[in-house]
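J.: Sequence:
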Amino acid sequence: MAVGRRTEMTSSALSKLFGPCRIAGLDLNNRLVMAPMTRSQSPSGVPDQRVAAYYERRAVGGMGLIITEGTAIDRPRSLDDPNVPHLFGEAALLGWKRVVDAVHTAGAKIAVQLWHVGAFAGRKSAWQSDDESIESPSGLRGPREPCGHAMSEEDIADTIDAYARAAETAVALGFDAVEVHGAHGYLIDQYFWKETNLRADKYGGATVKDRTRFAVEVVNAIRTKIPKTFPFIFRFSQFKQQDYSARLAQTPGELEELLGPLVEAGVDMFHASQRRFWEPEFEGSSLNLAGWTRRVTHAPVITVGSVGLNGDYMGNWQGETSQPSSLDRLLERLEKDEFDLVAIGRAVLNDPYWATKIRHGRTDELSAFDVSALETYY
Numbered sequence: 001m002a003v004g005r006r007t008e009m010t011s012s013a014l015s016k017l018f019g020p021c022r023i024a025g026l027d028l029n030n031r032l033v034m035a036p037m038t039r040s041q042s043p044s045g046v047p048d049q050r051v052a053a054y055y056e057r058r059a060v061g062g063m064g065l066i067i068t069e070g071t072a073i074d075r076p077r078s079l080d081d082p083n084v085p086h087l088f089g090e091a092a093l094l095g096w097k098r099v100v101d102a103v104h105t106a107g108a109k110i111a112v113q114l115w116h117v118g119a120f121a122g123r124k125s126a127w128q129s130d131d132e133s134i135e136s137p138s139g140l141r142g143p144r145e146p147c148g149h150a151m152s153e154e155d156i157a158d159t160i161d162a163y164a165r166a167a168e169t170a171v172a173l174g175f176d177a178v179e180v181h182g183a184h185g186y187l188i189d190q191y192f193w194k195e196t197n198l199r200a201d202k203y204g205g206a207t208v209k210d211r212t213r214f215a216v217e218v219v220n221a222i223r224t225k226i227p228k229t230f231p232f233i234f235r236f237s238q239f240k241q242q243d244y245s246a247r248l249a250q251t252p253g254e255l256e257e258l259l260g261p262l263v264e265a266g267v268d269m270f271h272a273s274q275r276r277f278w279e280p281e282f283e284g285s286s287l288n289l290a291g292w293t294r295r296v297t298h299a300p301v302i303t304v305g306s307v308g309l310n311g312d313y314m315g316n317w318q319g320e321t322s323q324p325s326s327l328d329r330l331l332e333r334l335e336k337d338e339f340d341l342v343a344i345g346r347a348v349l350n351d352p353y354w355a356t357k358i359r360h361g362r363t364d365e366l367s368a369f370d371v372s373a374l375e376t377y378y
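For the sequence shown, counting from 1, position 187 maps to 187 in this note's numbering; every step adds exactly one.
Worth flagging that the hints you see were computed from the coordinates, not collected in a lab. All C-beta atoms in this analysis are idealised placements derived from N, C-alpha and C, irrespective of residue type, glycine included. One thing to keep in mind: the hints can contain errors.
Across the chosen pairs, the derived CB separations fall in these ranges [as the list claims (entries may be wrong)]:
#, residue 1, residue 2, range
1, L94, G253, 41 to 51 Å
2, G25, A53, 20 to 30 Å
3, K16, P82, 11 to 21 Å
Okay, derived cross-link-like pairs now, DSSO-like style, lysine-lysine, Cα gap no bigger than 27 Å in a straight line [what the hints assert, rightly or not]:
#, residue 1, residue 2
4, K225, K16
5, K209, K194
6, K336, K357
7, K225, K97
8, K209, K228
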């Protein structure tokens with residue numbers, strides 16, 4: 001993986017990437033973030049010592065901020081897999097405490113990601129066969145694709161409370177920040193998306209701003225349970241697993257309508273997920289999704305999407321192998337302040353010491369990513 005010739009520009013950008021910074025209340029060693037990646041390696045929802053060692057290796061390997069894989073809030077059918085970690089229950093919390101302590105000892109910061117999969121809770125339903133208990137805005141997994149039931153206002157209130165309690169737990173465990181997963185077609189994103197939110201009550205509506213209400217109430221509830229200065233990250237995307245071409249916002253104005261209410265509710269930083277970070281988000285500008293997010297909200301932003309690889313995530317699941325690629329495009333955008341932090345997923349999953357190797361020019365030691373890495377504890 002060639003970082004490219006170290007011109008004055010790239011040298012400056014590399015220094016910026018690896019230099020210490022303070023972003024959204026987080027004092028970080030560098031601007032590199034380990035992206036959240038679900039691996040289903042926590043039997044019965046309990047992260048064990050191997051999970052702690054997995055995160056510790058990435059902290060030792062040079063990541064400034066670690067964002068955990070999605071963790072279940074305490075709500076029935078918030079997950080579709082029994083081996084995804086919980087953020088409730090004594091055993092799971094003891095496990096997360098080990099993770100937090102290990103990452104801190106290695107010198108990095110760590111945020112926990114709060115997750116409810118919504119109508120995606122049917123993918124591994126054999127372990128919990130009552131599909132009617134699956135909940136979502138309108139009982140839809142995708143366009144015209146029934147799955148489970150539409151949430152009542154009581155369901156909504158209980159779910160919002162579960163998010164808030166999970167965030168309060170994260171503070172008590174010593175996490176440095178909390179991230180809410182509002183992307184990729186899961187529950188909160190199902191409220192954003194017009195194809196899966198057909199509600200006629202206050203949680204639905206014709207515009208994307210109308211459909212932010214559920215997310216705004218989640219953010220408001222969390223803010224009542226965590227310190228005022230505790231960093232709050234919100235992850236969102238345009239694309240869905242149900243439809244890679246889906247778009248919540250067709251224009252920068254619509255993007256502002258989507259994100260503005262979340263800033264007002266208390267989000268400190270956005271995690272803008274796209275399949276390929278180098279692709280422009282709207283016509284007439286080279287800015288990616290993170291760049292436009294920063295422009296319309298003035299909030300700090302994490303960019304993510306095939307960083308360090310020349311193939312996108314979905315391609316890996318279809319049997320493709322991603323080769324290491326140049327970071328020049330990333331560094332150019334960072335130099336222009338298009339975004340504040342850079343999240344790396346598969347590259348650092350494949351090699352916990354990816355950051356250290358990039359920093360010291362050991363690019364010849366990097367190897368291609370294979371999806372089987374998701375199944376290991378390494």
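J.: Compare the structure with each hint and give your call.
T.: Now for the hints, and whether the structure bears them out:
no.	hint	verdict
1	L94 <-> G253: 41 to 51 Å	holds (47 Å)
2	G25 <-> A53: 20 to 30 Å	holds (28 Å)
3	K16 <-> P82: 11 to 21 Å	violated (42 Å)
4	K225 <-> K16	violated (34 Å)
5	K209 <-> K194	holds (11 Å)
6	K336 <-> K357	holds (24 Å)
7	K225 <-> K97	holds (19 Å)
8	K209 <-> K228	holds (25 Å)
Hint compliance for this structure: hints 3 and 4 are not met, and every other hint is.
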